[in-house]
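Knowing the structure of chain L, use the given hints to seat chain H on it.
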Amino acid sequence: MGFAVEAKALVKQFGNIRALNGLIFQIKQGEIFGLIGPNGAGKTTTLRIISTLIVPTSGNVEVFNLDSVKQAAQVRKIISYLPEEAGAYPNLSGNEYLEFMAKFNTKSKNELHETIKEAAKISGLEERLRDKTKTYSKGMKRRLLVARALMTRPKLAVLDEPASGLDVLHAYHVREIIKTYVKHHGVTVLLSSHNMLEVEYLCDRIALIDKGKIVVEGKADDLKKKYQSENLEEVFAKVVGYA
Amino acid sequence: MLRGFMTILVKELKELVRDPKILIGMIVLPLVILPVMGLVLGYAAETAQEEAQKATLLVLNNDGGNWSETFISYISASLNVAVLNDITPQEVVSQDVLTKYNSTQFVEIPSGFSQNMSQHVDGGEFAITATIKVYGVFQGGGIFSNIGSSSFNIFVNGFNRAIAPDVVYTSQSTIIKGEIQEGIDPATLSGLLLSQSIALPITLMIMLTYSMQIAATSVAMEKEEKTLETLLTVPVDRFSILMGKLSSTIIVAGVAAVTVMVGYNYMLGSITLGLETAGPIDLVELGLVPSPIGYALLGISLFVTLLSALALAVIISAFSEDVRGAQALVGYLYPIVFIPALVLIYLDVNTLPQAVKAILYAIPYSHPIIASKVIVLGEYTTVILGIIYVTIFTIVIMYIASRLFATEKILTAKLKFGRRSKKKAE
Numbered sequence: 001m002g003f004a005v006e007a008k009a010l011v012k013q014f015g016n017i018r019a020l021n022g023l024i025f026q027i028k029q030g031e032i033f034g035l036i037g038p039n040g041a042g043k044t045t046t047l048r049i050i051s052t053l054i055v056p057t058s059g060n061v062e063v064f065n066l067d068s069v070k071q072a073a074q075v076r077k078i079i080s081y082l083p084e085e086a087g088a089y090p091n092l093s094g095n096e097y098l099e100f101m102a103k104f105n106t107k108s109k110n111e112l113h114e115t116i117k118e119a120a121k122i123s124g125l126e127e128r129l130r131d132k133t134k135t136y137s138k139g140m141k142r143r144l145l146v147a148r149a150l151m152t153r154p155k156l157a158v159l160d161e162p163a164s165g166l167d168v169l170h171a172y173h174v175r176e177i178i179k180t181y182v183k184h185h186g187v188t189v190l191l192s193s194h195n196m197l198e199v200e201y202l203c204d205r206i207a208l209i210d211k212g213k214i215v216v217e218g219k220a221d222d223l224k225k226k227y228q229s230e231n232l233e234e235v236f237a238k239v240v241g242y243a
Numbered sequence: 244m245l246r247g248f249m250t251i252l253v254k255e256l257k258e259l260v261r262d263p264k265i266l267i268g269m270i271v272l273p274l275v276i277l278p279v280m281g282l283v284l285g286y287a288a289e290t291a292q293e294e295a296q297k298a299t300l301l302v303l304n305n306d307g308g309n310w311s312e313t314f315i316s317y318i319s320a321s322l323n324v325a326v327l328n329d330i331t332p333q334e335v336v337s338q339d340v341l342t343k344y345n346s347t348q349f350v351e352i353p354s355g356f357s358q359n360m361s362q363h364v365d366g367g368e369f370a371i372t373a374t375i376k377v378y379g380v381f382q383g384g385g386i387f388s389n390i391g392s393s394s395f396n397i398f399v400n401g402f403n404r405a406i407a408p409d410v411v412y413t414s415q416s417t418i419i420k421g422e423i424q425e426g427i428d429p430a431t432l433s434g435l436l437l438s439q440s441i442a443l444p445i446t447l448m449i450m451l452t453y454s455m456q457i458a459a460t461s462v463a464m465e466k467e468e469k470t471l472e473t474l475l476t477v478p479v480d481r482f483s484i485l486m487g488k489l490s491s492t493i494i495v496a497g498v499a500a501v502t503v504m505v506g507y508n509y510m511l512g513s514i515t516l517g518l519e520t521a522g523p524i525d526l527v528e529l530g531l532v533p534s535p536i537g538y539a540l541l542g543i544s545l546f547v548t549l550l551s552a553l554a555l556a557v558i559i560s561a562f563s564e565d566v567r568g569a570q571a572l573v574g575y576l577y578p579i580v581f582i583p584a585l586v587l588i589y590l591d592v593n594t595l596p597q598a599v600k601a602i603l604y605a606i607p608y609s610h611p612i613i614a615s616k617v618i619v620l621g622e623y624t625t626v627i628l629g630i631i632y633v634t635i636f637t638i639v640i641m642y643i644a645s646r647l648f649a650t651e652k653i654l655t656a657k658l659k660f661g662r663r664s665k666k667k668a669e
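Chains as they are written, first to last, in my numbering: chain L, 1 to 243; chain H, 244 to 669.
Pulled out of the complex, with its shape left as it was, chain L reads as follows (with noise of 0.2 Å):
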């Protein structure tokens, strides 16, 4: 069995700044995967050359044995992508937002009504997904947009920061969504995150990121072990030399 995501040697060059500079490594099939790392490290350009909007200046990345910058459109077929700051459309409600967003993905009217319904079980929105986006507040509209990643049942799933700026509730809303359903449908998932806790609540492998490279990689016990450290924030501060 192949891996689902495999990244090798990756370069991105943004003009003087170099975001990534050889960044290697392997996602397994069906396991949840966290990219950590500090602001600016490499993670939201990593995430955006794998979900196929950006290209690495060298270096190339393999998701379900399709490279994602010649075999593209395949790629987007089988994935599916949560930006860190994605929005919806205002003046759409979230129903019309996810038939929108499900259209692209669906063959027949009655597959179409399905994956609308599976979001709406997802989302937990009920409803409230009867107004117009605009109206809901920001971890309803998280909540709507996991939906959204989640429910063609994608082969992969890249979310940037899923939780990030939630409120408690919301927060376990979403990583509980997260966790059921990889559990249920077996999706691979790739996530970036800034929260140790939810990264070591959600993932089964992680690796660290920092200037553009994978600085360690493994369980999250594994690593809180071989570093001797309470936490995986203090594994990073070892790692990086900052204590």
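Hints are computed from structural coordinates only; laboratory data are not their basis. All C-beta atoms in this analysis are idealised placements derived from N, C-alpha and C, irrespective of residue type, glycine included. Careful: at least some of the hints might be erroneous.
In silico lysine-lysine, DSSO-like type, Cα no more than 30 Å apart, as pairs [as the list claims (entries may be wrong)]:
| id | chain 1 | residue 1 | chain 2 | residue 2 |
| --- | --- | --- | --- | --- |
| 1 | H | 343 | L | 132 |
| 2 | H | 469 | L | 213 |
| 3 | H | 469 | L | 134 |
| 4 | L | 238 | L | 219 |
| 5 | L | 155 | L | 219 |
| 6 | H | 469 | L | 70 |
| 7 | L | 107 | H | 420 |
| 8 | H | 488 | L | 109 |
| 9 | L | 107 | H | 469 |
| 10 | H | 488 | L | 70 |
| 11 | L | 77 | H | 488 |
| 12 | L | 155 | H | 297 |
| 13 | L | 155 | L | 238 |
| 14 | H | 343 | L | 8 |
| 15 | H | 469 | L | 155 |
| 16 | H | 652 | L | 70 |
| 17 | L | 134 | H | 652 |
| 18 | L | 121 | H | 469 |
| 19 | L | 179 | H | 469 |
| 20 | L | 211 | H | 469 |
| 21 | L | 211 | H | 488 |
| 22 | H | 652 | L | 138 |
Have a look at the derived ranges for each label pair, beta carbon to beta carbon [as the list claims (entries may be wrong)]:
| id | chain 1 | residue 1 | chain 2 | residue 2 | range |
| --- | --- | --- | --- | --- | --- |
| 23 | H | 486 | L | 60 | 50 to 58 Å |
| 24 | L | 215 | H | 632 | 57 to 65 Å |
| 25 | H | 646 | L | 8 | 22 to 30 Å |
| 26 | H | 259 | L | 60 | 56 to 64 Å |
| 27 | L | 6 | H | 250 | 55 to 63 Å |
| 28 | L | 30 | H | 564 | 32 to 40 Å |
| 29 | H | 250 | L | 28 | 55 to 63 Å |
| 30 | L | 2 | H | 501 | 55 to 63 Å |
| 31 | L | 233 | H | 250 | 23 to 31 Å |
Relative to the frame of chain L, chain H by itself:
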């Protein structure tokens, strides 16, 4: 009492001065457009006067008497006169004699002129007056076109002052599309059609600026609401996204073009009705209302021009991060919308120097205005060539847009003025 006033004032001024929209709207545009307008007006008046003075005035002397010779000698002192004998006004028009003399007007001294003059001047029969018939070709064009026909009256008045008060009168006629329309003064006709030469350019300016603002928000809104990234990762062809956005603007352009045509038709109808009550002039009878083909071509010209403007606005909005930025960027296009409209209100494009003419023809937004002027004269070739040019321009713009949408530039391209662009590493 006004504690903090200066702090707030300084901060407000900083924000205003640094806002490109304010800079364009309040400083750059007036600084560019008003001097250009001054130059255009000065040039327009000068050209019209020069042409009237330089042109050869054809005089058909069908009288042959002493007084006609006296009159010709009088005007020859100031004008470049060519005298023709034994030819009727209709023959001058049908044999295209005016083109040979590179002139747009002629006068006829009809038979009986000298006899009437003698009776008035020598016989003291003051009730008898003499008439000179003035014929001018209707040129359409701008406000200062057709100035020549009225300037001839200055010489007739001068002649009257020298000989006897109110002895010679002029009777004005207009040559429209090779037909003489007796009793219609070209200058009066131009005045009546003034609203036509002003209304369409102004309507077009308003329509283009509004619709470009709307189109500019189509991509910028996706960026501002953070929906573009998601849309670009779904299994849909990037070209379909672009075409979807452009098609909605095409519908807007189509509706706008039809609306303008309906309004324009109503406006011309109103002018005709107004004239019917004031006098015998009827634009429909004179053939100065566009034919159905003319209307159709003007509609197509408006449509493709709007489309090119909207496509350009969509591309420009791709370079901004939010709606406000997109609208500011589109503002930089306004001078090329305003200048041709304002120039063409005052001037006939054919009277301009070659370089200015080339610049006007190169700007797509000039073409519907030029079209509105020439369709009444049945000059469809100019309109069709304009439509072809604007269509090619639009296709090129749309190709550039499709290339932009196919790459990561749609997300990373940014145009910033006054400071270097920074790209996020994360």
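Quiz item: Given the hint that residue 488/H pairs with residue 109/L, does the C-alpha gap stay at or below 30 Å?
Solution: holds, 24 Å
Exercise. Determine whether the Cβ-Cβ distance between residue 646/H and residue 8/L falls within the hinted range of 22 to 30 Å.
Key: holds, 28 Å
Quiz item: That 55 to 63 Å hint for residue 6/L and residue 250/H (C-beta), does it hold up?
Solution: holds, 57 Å
Quiz item: Hey, residue 469/H versus residue 155/L, does the alpha-carbon distance stay inside 30 Å?
Solution: It holds: about 24 Å lies between the C-alpha atoms, which stays within 30 Å.
Quiz item: Are the Cα atoms of residue 121/L and residue 469/H separated by 30 Å or less?
Solution: holds, 24 Å
Quiz item: Given a hinted range of 55 to 63 Å, is it respected by the beta-carbon distance of residue 2/L and residue 501/H?
Solution: Taking Cβ atoms as reference, residue 2/L and residue 501/H lie about 57 Å apart, which means the hint holds.
Quiz prompt | Given pair status - residue 8/L, residue 343/H, alpha carbons within 30 Å | solution = violated, 80 Å
Quiz item: Falls inside 32 to 40 Å, the C-beta gap from residue 30/L to residue 564/H?
Solution: holds, 37 Å
Practice problem: Take a quick look at whether residue 652/H and residue 138/L sit within 30 Å of each other, Cα to Cα. | Solution: Measuring from Cα to Cα gives roughly 29 Å; hence the hint holds.
Self-check item: Distance restraint between residue 155/L and residue 297/H, which requires alpha-carbon spacing of 30 Å or less
Solution: Given that 30 Å is the threshold and the Cα spacing comes to 82 Å, the pair is violated.
Self-check item: Hinted pair residue 469/H and residue 70/L, Cα distance within 30 Å
Solution: This hinted pair holds, its Cα atoms lying about 26 Å apart.
Quiz item: Holds or violated: are the alpha carbons of residue 211/L and residue 488/H at most 30 Å from each other?
Solution: violated, 38 Å
Hint violations for this structure: numbers 1, 7, 12, 13, 14, 21, 23, 26 and 31, all remaining hints satisfied.
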